[in-house]
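Please build the complete structure, drawing on both the sequences and the hints.
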Amino acid sequence: MAKIYYDKDADLNILKGKKVAIIGYGIQGRGQSLNARESGLNILVSELEGTPNYKTAVADGFKPVPADKAAK
Numbered sequence: 001m002a003k004i005y006y007d008k009d010a011d012l013n014i015l016k017g018k019k020v021a022i023i024g025y026g027i028q029g030r031g032q033s034l035n036a037r038e039s040g041l042n043i044l045v046s047e048l049e050g051t052p053n054y055k056t057a058v059a060d061g062f063k064p065v066p067a068d069k070a071a072k
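Under this note's numbering, think of the first position of the sequence shown as 1, with each following residue one higher.
The set of hints was computed from the structure by calculation and includes no laboratory data. All figures in this text were calculated on a predicted structure; none of them were measured in a lab. In this text, a Cβ means the ideal position worked out from N, Cα and C, and glycines have one as well.
Below 20 Å or equal to it, Euclidean Cα-Cα: the simulated EDC-like pairs (lysine to aspartate or glutamate) are:
{"#": "1", "residue 1": "K72", "residue 2": "E49"}
{"#": "2", "residue 1": "K19", "residue 2": "D68"}
{"#": "3", "residue 1": "K18", "residue 2": "D68"}
Pair ranges (Cβ atoms, derived):
{"#": "4", "residue 1": "T51", "residue 2": "K72", "range": "17 to 25 Å"}
{"#": "5", "residue 1": "K3", "residue 2": "D68", "range": "31 to 39 Å"}
{"#": "6", "residue 1": "V65", "residue 2": "M1", "range": "36 to 44 Å"}
{"#": "7", "residue 1": "G50", "residue 2": "D7", "range": "32 to 40 Å"}
{"#": "8", "residue 1": "Q32", "residue 2": "I4", "range": "16 to 24 Å"}
In C-alpha cells, the structure reads:
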C-alpha cells in the first residue's frame with residue numbers, strides 16, 4: 001500500500017537559509033521551483049540558455065544558470 005505524505009510530515013526549516021538548485025525547468029522542475037519559492041526557500045534554477053524553458057523561468061522571475069554553476 002502506498003504511503004501518503006502531508007505537510008506535517010516535512011520540516012522545511014532544514015532547508016531555510018540554504019540555496020536549493022533545481023536542475024531543469026520542465027514540467028517537474030517548474031512546479032517544484034515555484035512551490036519551493038512560495039514556501040520561502042532560496043531557489044536557483046538551472047536551464048539551457050535560449051531554450052523555451054529558459055524563457056519561461058525568466059518570465060517566472062528566476063535567473064537561470066548553467067548546471068555546472070548551479071552544482072557549485
